[in-house]
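S.K.: Chains A and B, in that order, are what the protein sequence lines are.
The opening position of the first sequence corresponds to residue 2 in this note's numbering, with each subsequent residue numbered one higher.
The opening position of the second sequence corresponds to residue 2 in this note's numbering, with each subsequent residue numbered one higher.
Just so you know, these hints were derived from the structure itself, not from any lab.
Possibly wrong hints are sitting among the right ones.
The list treats identical chains as one, so a pair stands whether inside a single copy or across any two.
What the hints assert, rightly or not - Cross-link-like lysine-lysine pairs, in silico, BS3-like; alpha carbons within 30 Å at most: (1) Lys309 to Lys231; (2) Lys17 to Lys380; (3) Lys309 to Lys17; (4) Lys347 to Lys328; (5) Lys328 to Lys60; (6) Lys88 to Lys347; (7) Lys12 to Lys33; (8) Lys377 to Lys17; (9) Lys228 to Lys309.
There are 2 protein chains.
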Amino acid sequence: MNNFNFYTPTKVVFGKGVENQVGELVNGEKCKKVLIHYGGQSAKKSGLLERIIKSLDEKGIRHVQLGGVVPNPRLSLVYEGIELCQKEGVDFILAVGGGSVIDSAKAIGYGMTNDGDVWDFYDHKRQASACLPIGTVLTIAAAGSEMSNSSVITNEDGWIKRGYSSDFCRPVFAVMNPELTMTLTEYQTASGCADILMHTMERYFNQSENMDLTDGISEALMRTVIKYAKILMSEPDNYEARAEVMWAGSLSHNGLTGCGTDGGDWATHALEHEIGGMFDVAHGAGLAAVWGSWARYVYKGRPERFVKFAENVMMVSGKDEEDTILKGIEAVEEFYRSIHMPTNMKELGVEPTDEQIEEMAEKCSIAKGGSCGIVKQLKKEDMIEIYRMAR
Amino acid sequence: MNNFNFYTPTKVVFGKGVENQVGELVNGEKCKKVLIHYGGQSAKKSGLLERIIKSLDEKGIRHVQLGGVVPNPRLSLVYEGIELCQKEGVDFILAVGGGSVIDSAKAIGYGMTNDGDVWDFYDHKRQASACLPIGTVLTIAAAGSEMSNSSVITNEDGWIKRGYSSDFCRPVFAVMNPELTMTLTEYQTASGCADILMHTMERYFNQSENMDLTDGISEALMRTVIKYAKILMSEPDNYEARAEVMWAGSLSHNGLTGCGTDGGDWATHALEHEIGGMFDVAHGAGLAAVWGSWARYVYKGRPERFVKFAENVMMVSGKDEEDTILKGIEAVEEFYRSIHMPTNMKELGVEPTDEQIEEMAEKCSIAKGGSCGIVKQLKKEDMIEIYRMAR
Chain A
2 MNNFNFYTPT KVVFGKGVEN QVGELVNGEK CKKVLIHYGG QSAKKSGLLE
52 RIIKSLDEKG IRHVQLGGVV PNPRLSLVYE GIELCQKEGV DFILAVGGGS
102 VIDSAKAIGY GMTNDGDVWD FYDHKRQASA CLPIGTVLTI AAAGSEMSNS
152 SVITNEDGWI KRGYSSDFCR PVFAVMNPEL TMTLTEYQTA SGCADILMHT
202 MERYFNQSEN MDLTDGISEA LMRTVIKYAK ILMSEPDNYE ARAEVMWAGS
252 LSHNGLTGCG TDGGDWATHA LEHEIGGMFD VAHGAGLAAV WGSWARYVYK
302 GRPERFVKFA ENVMMVSGKD EEDTILKGIE AVEEFYRSIH MPTNMKELGV
352 EPTDEQIEEM AEKCSIAKGG SCGIVKQLKK EDMIEIYRMA R
Chain B
2 MNNFNFYTPT KVVFGKGVEN QVGELVNGEK CKKVLIHYGG QSAKKSGLLE
52 RIIKSLDEKG IRHVQLGGVV PNPRLSLVYE GIELCQKEGV DFILAVGGGS
102 VIDSAKAIGY GMTNDGDVWD FYDHKRQASA CLPIGTVLTI AAAGSEMSNS
152 SVITNEDGWI KRGYSSDFCR PVFAVMNPEL TMTLTEYQTA SGCADILMHT
202 MERYFNQSEN MDLTDGISEA LMRTVIKYAK ILMSEPDNYE ARAEVMWAGS
252 LSHNGLTGCG TDGGDWATHA LEHEIGGMFD VAHGAGLAAV WGSWARYVYK
302 GRPERFVKFA ENVMMVSGKD EEDTILKGIE AVEEFYRSIH MPTNMKELGV
352 EPTDEQIEEM AEKCSIAKGG SCGIVKQLKK EDMIEIYRMA R
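Build the full structure now, drawing on both the sequences and the hints.
M.R.: Here's what the structure looks like:
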């Protein structure tokens, strides 16, 4: 078992109607002016933004707005946000949306509290020393950014998608009303579920000795997501299912499912980042499209772990070890198909040429310092092979 | 599913040798002077206190000491601690020990930041508005106080044992080296495991709708504690087992296993508090001694929950619902016997008279405003009956 740190300071306020507590929660932070950061029109149309503004106004909290965050959030909007916050004297960011909005808020927060170009952190040239306090009102269960230490930004100059992690950016509160996710499209819901599942799978597939307690928690979480994702396909308004998935999203990425391990594999995320950077796909769908190929390429690097996964999470077993492993991988793909997620890039709507695959592998290799993954260490040629298998 | 808040700001630093990071962790809190609070001689004899002092001295952090905390920590020492801290200008408390030491530190912390008698909070006459920051170096896996919002103090004037909870007292950090627990006696280890198990069981047995994810996490946690408690009886130096139990102790009482529920039953704790207050027994052992009688008295109040517990945690099933329930209860008692824990008060070494049972039930009833428990609401006459069954 590895030594570990566990730090999740985010105050979670979970359940029906909790968005009306936003004013009170922000007021507790004793800030001067709030940036309300959000995405498209849905937060406006649904009336959510209006309720949040009302809640802030009731507490006499001043605020400015910046919308327009898109999936795979852009560096250019981050720069715009930093400029606005500087001009307006903003000292607290309220992210109203999903992972993209929260990640964009985190990047703005870094930019407001550190000198120089904020992209330096995502380019891993230097470390941040602070971040503005961030609160979140979550509208999609997926990225887990509402409790996590990570954020991912896409630089349009070269379409490079990069992540940066530090405890400074962990949100001070997360307001989570599962009802707010009922208006998502089926595709958004399913992509979110795939993302949640993958956050725990990345940690579960590792090369360390393990912690039974962490494994048991992870397995429960993965079974829960699979069960309720399927229910949501036919019952999008099922509150219990929305709530199970939403809470799983936070616990999947706040560090809990990695305690005592080596941190996990994360190659699927690295491979997807390049697909997302080049083709701008939904993150969860991109992960689903590449995972099966990754699994088949690497499982011999730690077969006993794939067996445990097959038996305890997918509840399948075969006539021998390898058969069990392959049945487990097939069961994941079958699950993805059942929620209309892709299991390859073609189904994802992306058909990269050989040159594009070469370029994605090259970029991935550079971003990860030559290789990624831990179940099997993947070099550029391995990445090319997995991209081809996933084509 | 119920709305819930989840707030666990404690920074956990877990693993071998982590006690040497104490100086750095305290330094990060920017305090002027630290009270090192501890129990008996074991922290001195083992050299732990010396290492902690060295770690503080290396950072130039001033400190004073107050030892002498006993199990079921006393109000008189809390008063002494408050006086010492006021005199010395202490603004940070470092608790080196188990639940009793941490709880005593929390009470001192309340006393330092609120006017009036600190017992008022435990007597539920008023609410605290702050607490000094507290760091912990954990030496026994049991109470979960290192991440929890609760503390329990015994007032020698009437031997009244009372708990008080508020988020103010959640420790800022918890330094957890499982190796430090290897010198515990078998009885201390087993009592700790019983306490950990009960913290999740109290939450698991409730009357609300439930959250699958919380249930799955709770069941994994309970299975883990049972498995490794047994291993520790023959292998007290097994690091993995010590680590599994230690982490389970924190997660069992930091709120995670109650998310989405009504908060749980807690009658066993209430009943044990009176035994502990009158006879000064080990808390975990006291819980073990009374749980079986509680379970047999109340299970008809929510049979389906007891069935789920029997099947998913104790891995037993019977010929019908009632048989499964009783087999589950017996399996818990069998587990307790396997780790040499009592399953009744006689085995606990306590033989209360009818008058003493009447007095305990009377005190419990008053402390809980007339009744306790939620699987079945227990009034004074129910408490008397359970105490008699457990005699």
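S.K.: For each hint, tell me whether it holds in the structure or not.
M.R.: Hints, one by one, checked against the model:
1. Taking identical chains as interchangeable, the C-alpha atoms of Lys309 and Lys231 lie at most 30 Å apart whether they share a chain (22 Å) or sit on different chains (23 Å).
2. Proximity of Lys17 to Lys380 under the C-alpha cut-off of 30 Å is found in neither arrangement, the shortest distances being 47 Å within a copy and 33 Å between copies.
3. Taking the closest pair of Cα atoms, Lys309 and Lys17 come within 30 Å of each other only across two copies (27 Å); inside a single copy the shortest separation is 36 Å, beyond that limit.
4. For the homomeric pair Lys347 and Lys328, the shortest alpha-carbon distance inside one copy (23 Å) is at most 30 Å, but the shortest distance between copies (53 Å) is not.
5. In this homomeric assembly, Lys328 and Lys60 never come within 30 Å of each other (Cα to Cα): the closest approach is 56 Å inside a single copy and 55 Å across copies.
6. Proximity of Lys88 and Lys347 under a CA criterion of 30 Å is satisfied in neither setting, with 45 Å inside one chain copy and 73 Å between copies.
7. In this homomeric assembly, Lys12 and Lys33 come within 30 Å of each other (Cα to Cα) both inside a single copy, at 20 Å, and across copies, at 28 Å.
8. Taking CA atoms no more than 30 Å apart as the test, Lys377 paired with Lys17 passes between copies only; the shortest distance there is 28 Å, against 43 Å inside one copy.
9. In the homo-oligomer, the alpha carbons of Lys228 and Lys309 lie at most 30 Å apart both inside one protomer (18 Å) and across protomers (18 Å), since each shortest distance falls under that limit.
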